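First residue of the sequence shown: 1, per this note's numbering; consecutive thereafter.
It is worth saying that the hints were derived from the structure and are not from the lab.
The structure displayed is predicted, hence computed values, not measured ones.
Check the hints yourself; a few may be wrong.
Below are the DSSO-like pairs computed for lysine-lysine, each with C-alpha atoms no more than 30 Å apart in a straight line [to be verified]:
#1 Lys216 x Lys262
#2 Lys291 x Lys280
#3 Lys326 x Lys345
#4 Lys291 x Lys43
#5 Lys280 x Lys345
#6 Lys43 x Lys246
#7 Lys216 x Lys284
#8 Lys216 x Lys105
#9 Lys105 x Lys54
#10 Lys284 x Lys326
#11 Lys36 x Lys158
#12 Lys246 x Lys216
#13 Lys280 x Lys158
#14 Lys43 x Lys54
#15 Lys48 x Lys105
#16 Lys48 x Lys246
#17 Lys326 x Lys246
#18 Lys143 x Lys345
#19 Lys105 x Lys246
#20 Lys142 x Lys284
#21 Lys216 x Lys291
#22 Lys143 x Lys48
#23 Lys280 x Lys262
#24 Lys158 x Lys43
The following label-pair restraints were derived from C-beta to C-beta distances [stated by the list, open to error]:
#25 Gly222 x Ala256: 36 to 46 Å
#26 Leu217 x Pro288: 34 to 44 Å
#27 Lys262 x Gly348: 17 to 27 Å
#28 Leu133 x Glu79: 19 to 29 Å
#29 Arg40 x Gly259: 41 to 51 Å
#30 Leu260 x Leu133: 19 to 29 Å
#31 Met208 x Asp136: 31 to 41 Å
#32 Arg40 x Pro180: 37 to 47 Å
#33 Asp263 x Gly348: 14 to 24 Å
#34 Tyr314 x Ala73: 13 to 23 Å
#35 Ser118 x Asp223: 26 to 36 Å
#36 Gly222 x Ala23: 41 to 51 Å
The beta-carbon is built from N, C-alpha and C at its ideal position, and this holds for glycine as well.
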Amino acid sequence: MRTVFHDKRITGLLSVLPAASVAFEDEVGNYSFPPKQTLRLQKVMDFKRHSIVKETTAASDLAAAGLDRIFEAGWLRREEIGALVVGCSYPDHFIPPVSSILHGKFALPESVFCVDISQGCGGFLMALAESLLLLDHLEEGKKAVAIATDVLSRRVSKRDRNSYPLAGDAAGIAVVENRPGAGDIPAVIYNNGGLGQALTIPAGGSRMPGTPETAKLEDQDGDGNFRALDNLTMQGADVFNFMQTKVPPLIEETLAHAGLAKDDIDWYLFHQPNRFMLRKLAEKLNIPYEKMPMNVVEEFGNSSGACIPVCATYNLAEELRAPEEKTCCLSAFGSGLMWGAMVMKLGGLDFCEMLVSDC
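Hey, can you work out the whole structure from these sequences and the hints?
Shown next as structure tokens:
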């Protein structure tokens, strides 16, 4: 998809992190590798800690904590909401969807359009795109709420050294509204389902229902990392190659679509796989490191679809609340596999905050 959204903008951003933060060193004993070898990996990948939810916390709980904060602060009224769009890869249930759970929890008007998008890494970008589309069809004055929320730490094996140190849980929420004169938001989004097996949870759905057998931990690839078919499986080399080959042309195309040069962008707010991969991406695009925040994984873990709002609220909250607008390139890439980007002005936000919740 290649399009332009006209006269729309984000007016508020919130991210929600669980209170529990676990240091990398405290989990070295989980893995079937000598501690020294594992700690060398830490130095290469800049792992420090990751934020993970309680065993009883579901995806809707993080999102609900964020909406609670937004409503209590008066940043948004329930009756202003016209659409609620949720991107999530590990929902509370197959039925009902997370958006309906949130709708019921907050007793939102029956006229609110609710929809879930089954998406991991691209959860926020896809929810944002859907919200921007819906704004043209809402009643005058109504706003859309785009949410990405996931608790993937609960689907990653704690004995998988390739994936578990990266696992982070979070939610990101954006309030989106029509704003005459706000300008254009160029967007380019691609998908290649043929590459989808690079990031997958094999069991638990209708193709392979979860059983005691699918829950058994095994060294499936002979690499010393133990995981079950119920766990997230990532083909790291394939994901890295995908990012290096698909994302740079995407960013070039999106900027050309926007009529901008790389230097015209103040901030590149990207999905956060890890610092190593982002550095390689910045080098390939010839973008200065300082324009591409890449410190989310080392502090909170890879929070899947919520990475972009986590990155923005952690690094730029004060700047994005200030009146001066910044030209930002938002990009997400991963599960599906999907890759997409948007260019938009961000600034003068009604709120831009990171919330730590006891989830």
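Here is how each hint holds up against the structure:
1. Lys216 x Lys262: Violated, because 48 Å separates the two Cα atoms, which is more than 30 Å.
2. Lys291 x Lys280: Holds: Lys291 and Lys280 sit about 14 Å apart, inside 30 Å.
3. Lys326 x Lys345: 5 Å, holds
4. Lys291 x Lys43: 23 Å, holds
5. Lys280 x Lys345: 26 Å, holds
6. Lys43 x Lys246: 27 Å, holds
7. Lys216 x Lys284: With a Cα-Cα distance of about 40 Å, the restraint between Lys216 and Lys284 is violated, given a limit of 30 Å.
8. Lys216 x Lys105: 35 Å, violated
9. Lys105 x Lys54: It holds: about 20 Å lies between the C-alpha atoms, which stays within 30 Å.
10. Lys284 x Lys326: It holds: about 23 Å lies between the C-alpha atoms, which stays within 30 Å.
11. Lys36 x Lys158: Within the cut-off at roughly 18 Å; holds.
12. Lys246 x Lys216: 35 Å, violated
13. Lys280 x Lys158: 27 Å, holds
14. Lys43 x Lys54: Distance of about 28 Å is within 30 Å: holds.
15. Lys48 x Lys105: 35 Å, violated
16. Lys48 x Lys246: 28 Å, holds
17. Lys326 x Lys246: 26 Å, holds
18. Lys143 x Lys345: 18 Å, holds
19. Lys105 x Lys246: Violated: Lys105 and Lys246 sit about 40 Å apart, past 30 Å.
20. Lys142 x Lys284: Violated: Lys142 and Lys284 sit about 41 Å apart, past 30 Å.
21. Lys216 x Lys291: 44 Å, violated
22. Lys143 x Lys48: 38 Å, violated
23. Lys280 x Lys262: Cα-Cα ~16 Å, so holds.
24. Lys158 x Lys43: With a Cα-Cα distance of about 20 Å, the restraint between Lys158 and Lys43 holds, given a limit of 30 Å.
25. Gly222 x Ala256: 36 to 46 Å: 44 Å, holds
26. Leu217 x Pro288: 34 to 44 Å: 43 Å, holds
27. Lys262 x Gly348: 17 to 27 Å: For Gly348 against Lys262, whose Cβ atoms are near 24 Å apart, the range 17 to 27 Å holds.
28. Leu133 x Glu79: 19 to 29 Å: 22 Å, holds
29. Arg40 x Gly259: 41 to 51 Å: 46 Å, holds
30. Leu260 x Leu133: 19 to 29 Å: 23 Å, holds
31. Met208 x Asp136: 31 to 41 Å: With a Cβ separation near 40 Å, Met208 and Asp136 satisfy 31 to 41 Å, so the hint holds.
32. Arg40 x Pro180: 37 to 47 Å: 55 Å, violated
33. Asp263 x Gly348: 14 to 24 Å: 23 Å, holds
34. Tyr314 x Ala73: 13 to 23 Å: 19 Å Cβ-Cβ, so the 13 to 23 Å window holds.
35. Ser118 x Asp223: 26 to 36 Å: Holds - the Cβ-Cβ distance for Ser118 and Asp223, about 28 Å, lies within 26 to 36 Å.
36. Gly222 x Ala23: 41 to 51 Å: Taking Cβ atoms as reference, Gly222 and Ala23 lie about 29 Å apart, which means the hint is violated.
Consistency note: the structure conflicts with the earlier hints numbered 1, 7, 8, 12, 15, 19, 20, 21, 22, 32, 36.
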